[in-house]
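The residues making up each chain are set out below.
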Amino acid sequence: MVYSETIKLKIKSQDFVDITDKIEYIVKKSEIQNGICTIFAVGATSAVIINESEPMLLQDLRDSLEKIASEEKIYHHSENAFSHIRSTLIGNSQTIPIKNGELVLGTWQEIMVANFDTDDREREVVVTVIGE
Amino acid sequence: MVYSETIKLKIKSQDFVDITDKIEYIVKKSEIQNGICTIFAVGATSAVIINESEPMLLQDLRDSLEKIASEEKIYHHSENAFSHIRSTLIGNSQTIPIKNGELVLGTWQEIMVANFDTDDREREVVVTVIGE
Amino acid sequence: MVYSETIKLKIKSQDFVDITDKIEYIVKKSEIQNGICTIFAVGATSAVIINESEPMLLQDLRDSLEKIASEEKIYHHSENAFSHIRSTLIGNSQTIPIKNGELVLGTWQEIMVANFDTDDREREVVVTVIGE
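Same order as they appear, the protein sequences are chains G, H and W.
With our numbering as the guide, the letters of the first sequence map in order to residues 2 to 133.
With our numbering as the guide, the letters of the second sequence map in order to residues 2 to 133.
With our numbering as the guide, the letters of the third sequence map in order to residues 2 to 133.
Simulated from the structure, these hints should not be mistaken for laboratory data.
A hint or two may mislead.
Heads up, the list lumps identical chains together, so a pair's fine if it works in one copy or across two of them.
The calculated lysine-lysine pairs, modelled on PhoX-like cross-linking and capped at a C-alpha distance of 20 Å, are [as the list claims (entries may be wrong)]:
#, residue 1, residue 2
1, K13, K23
2, K9, K100
3, K9, K23
4, K9, K29
5, K30, K9
6, K100, K30
7, K11, K23
If we strip away everything but chain G, and leave its shape as in the complex, we get (with noise of 0.2 Å):
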């Protein structure tokens, strides 16, 4: 069996927003037991993080992010190549098990998405369920 919603969101630049709820509540309706949901975050500049959901926490990733890809450096790629590339190394796809009709997710695993485009975007996130 399949089950697919789409959750719109907006979300700042360089701000992560926890769907964890909204994930669980779509993993409810599809009735589903056991299987898989997949997480997939449109737009070449988001991705999905399964992490803690913990804002000095999302401060030090930003820091992270910044000595790999930094907002300052100048690129080939005009404008956003910074986005891009921390878009890239996160990734925009992420699959968590479901067992007796719930998420399997450790206590500091939520399930947030990131914009790191320069503006803030409206995102779409689209959310598959496959099982039984």
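Following the hints, complete the assembly by docking chains H and W onto the known chain G.
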């Protein structure tokens, strides 16, 4: 339903090949309307990227990866440690949703295969479509 | 069809454990011939890697991660920010195709679980096989 095909392609060292059209054609042939498409690059020095296939951006990406795992550095693992590390950071598998028989991708999201090895290589990519 | 098992294993801090044989055995038990196998590491300081399980290469990988998220640095998030950042960069989920009842992996592609936390930890890995 499961439908699967393997793509073979020659890729130069540190280069990226856009396979979006090939994947779209496989999804069409699968006749699957709703589900997911998993793209897996075979080989420990390859990777799958979903981002903009624009030559200057890809040069910027190479420059960022050079900071993390430089081609020039001396490593413990001889020959191609930087190739393996780049592959590990980007990842070998990506999963994209399918809705109404089509891949859901943003305007600038293209599917590319990277060859991070020191030599040009023939790469295999396994495309698996699951759904109904 | 969906088949799922959870693996538990003790992993030292900053270490990697090869679970390829365990995953291959689960795929065999599932009796699924064609489909995908999703491997998910539970815990916000763990990760799943598909690459060569070679001690010197893994030391090189640790050295590269140290550049991005150093163990020595002072972070806003106290204690183990570097562990979370490493986990976020590598990722907690990987999906591998199954053909003719076997995982499709390259010669040097082994499946490893990483523990990036500051202490040795017991880790759970959920393996979900989907297909027919």
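Tested hints:
1. For the identical chains of this complex, K13 and K23 are intra-copy neighbours only, at 19 Å inside a copy versus 34 Å across copies, given an alpha-carbon limit of 20 Å.
2. For the homomeric pair K9 and K100, the shortest alpha-carbon distance between copies (16 Å) is at most 20 Å, but the shortest distance inside one copy (26 Å) is not.
3. Taking identical chains as interchangeable, the C-alpha atoms of K9 and K23 lie at most 20 Å apart only when both belong to the same chain, with a minimum of 11 Å there against 29 Å between chains.
4. In this homomeric assembly, K9 and K29 come within 20 Å of each other (Cα to Cα) only inside a single copy, at 19 Å, whereas the closest approach across copies is 27 Å.
5. Only within a single protomer do K30 and K9 lie at most 20 Å apart by alpha-carbon distance; the minimum there is 18 Å, versus 30 Å between protomers.
6. Taking the shortest alpha-carbon separations for K100 and K30, both the intra-copy value of 14 Å and the inter-copy value of 18 Å come in at or below 20 Å.
7. Taking the closest pair of Cα atoms, K11 and K23 come within 20 Å of each other only inside a single copy of the chain (14 Å); across copies the shortest separation is 33 Å, beyond that limit.
Figure legend: structure checked against the earlier numbered hints; every hint is met.
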